Amino acid sequence: QKEVEQDPGPLSVPEGAIVSLNCTYSNSAFQYFMWYRQYSRKGPELLMYTYSSGNKEDGRFTAQVDKSSKYISLFIRDSQPSDSATYLCAMSGPRNAGGTSYGKLTFGQGTILTVHP
Amino acid sequence: KAGVTQTPRYLIKTRGQQVTLSCSPISGHRSVSWYQQTPGQGLQFLFEYFSETQRNKGNFPGRFSGRQFSNSRSEMNVSTLELGDSALYLCASSLLFGGGNEQYFGPGTRLTVT
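Respectively, the protein sequence lines represent chains A and B. Take the first sequence: its letter number 8 is residue 8 in the numbering used here, and every next letter is one higher. Take the second sequence: its letter number 114 is residue 1114 in the numbering used here, and every next letter is one higher.
Honestly, the hints are just simulated from the structure, not real lab data. Be careful, since some hints might not be right.
What the hints assert, rightly or not - Short, incomplete list of chain B residues facing chain A, as computed with Cβ under 8 Å: (1) G1042; (2) L1090; (3) E1102; (4) Q1103; (5) F1105; (6) G1106; (7) G1108.
Claimed, not checked - Just a sample of chain B residues kept apart from chain A, beta carbon distances all over 10 Å, derived: (8) E1052; (9) F1060; (10) G1084.
To be verified - List time: in silico DSSO-like cross-link candidates among lysine-lysine, alpha-carbon distance up to 30 Å: (11) B:K1057 - A:K2; (12) A:K70 - A:K56; (13) A:K42 - B:K1057; (14) A:K42 - A:K2; (15) A:K67 - A:K2; (16) B:K1057 - A:K70; (17) B:K1013 - B:K1057; (18) A:K67 - B:K1057; (19) A:K56 - A:K42; (20) A:K42 - B:K1013; (21) A:K2 - A:K70; (22) A:K2 - A:K56; (23) A:K67 - A:K56.
Keep in mind the model is a prediction, meaning the values are calculated, not measured. Where a beta carbon is used, it is the ideal one built from N, C-alpha and C, also for glycine.
Go ahead and model the full structure; you've got the sequences and the hints to work with.
This is the structure:
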């Protein structure tokens, strides 16, 4: 079983819809949670960065972390065709954890999102 | 501020050859991590360097190696290439090493092994 599970989709929504993307994880040591957006043939772009549980909002994007359920979400409001991309969740362990928890990011498989006009 | 740059962007090699990929981090960033991305396995961590020292290593064979220079630029090397090494190799930079640091990715080097 993978440490981070993410439904690969594909997910297709009409322009203006609210998109919900989710990941579950099994490693309770994860404390930092990120969402990346990756366009075709490009590198991942950092969208959201959160620490521990809670919500964070940035424009049309809201990230939620529920550590008790080991579940994270990304919501995209008023989705646009330019949001069409693969969305990757990523997480890492605590600072100065030693061992194998340094800067290593563990990624989900990515969800392919298409927003059609 | 310029982003992470990787060279070359595309490479075609044959089995048994070796390859060296280069990464220049964002100015001021001192940590560089490397990842391999394939359709089947997704993004997998290769190794992380900080202050010219490897700080962490993923579960890849010894054919995969790397180094970091005093200016924080990094290279990774793959020897005795196999067909399964065909992938997008991504470099990410961050200010420091350790969990929780925001990592910014370059555009990647697409390696094809024939």
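Query raised in the report: Within a Cα-Cα threshold of 30 Å, do A:K2 and A:K56 meet the stated pairing?
Result: holds, 26 Å
Query raised in the report: Is the nearest CB of chain A more than 10 Å from the CB of B:G1084?
Result: Nearest chain A Cβ is 18 Å from B:G1084, so the label holds.
Requested in this report: Report holds if the minimum CB distance from B:E1052 to chain A is greater than 10 Å, and violated otherwise.
Outcome: holds, 15 Å
Query raised in the report: Holds or violated: A:K67 with A:K2, Cα cutoff 30 Å?
Result: The hint holds at about 17 Å.
Query raised in the report: Given the hint that A:K70 pairs with A:K56, does the C-alpha gap stay at or below 30 Å?
Result: Cα-Cα ~17 Å, so holds.
Requested in this report: With a cut-off of 30 Å on the C-alpha distance, tell me whether B:K1057 and A:K70 pass.
Outcome: Status holds; Cα separation ~25 Å.
Query raised in the report: Quick one, is the B:G1042 hint okay against chain A at 8 Å, beta carbons?
Result: Because about 5 Å separates B:G1042 from the closest Cβ in chain A, which is inside the 8 Å limit, the hint holds.
Query - Hint validity - B:G1106 Cβ closer than 8 Å to any chain A Cβ - result: Since the shortest Cβ distance to chain A is 5 Å, the answer is holds.
Query raised in the report: Taking the least C-beta to C-beta distance, is B:F1105 closer than 8 Å to chain A?
Result: Holds, because the Cβ-Cβ distance from B:F1105 to chain A comes to roughly 4 Å (cut-off 8 Å).
Query raised in the report: Is the nearest Cβ of chain A still more than 10 Å from the Cβ of B:F1060?
Result: The claim stands: B:F1060 keeps its Cβ more than 10 Å from every Cβ of chain A (closest is about 12 Å).
Query raised in the report: Can the hint on B:L1090 be confirmed by a CB-to-CB distance to chain A that is less than 8 Å?
Result: Where the cut-off is 8 Å and the nearest Cβ of chain A is about 6 Å from B:L1090, the hint holds.
Query raised in the report: Regarding the hint that B:E1102 lies at the interface with chain A, is the smallest CB-CB distance below 8 Å?
Result: Since the shortest Cβ distance to chain A is 5 Å, the answer is holds.
The structure fails none of the hints (numbered hints given earlier).
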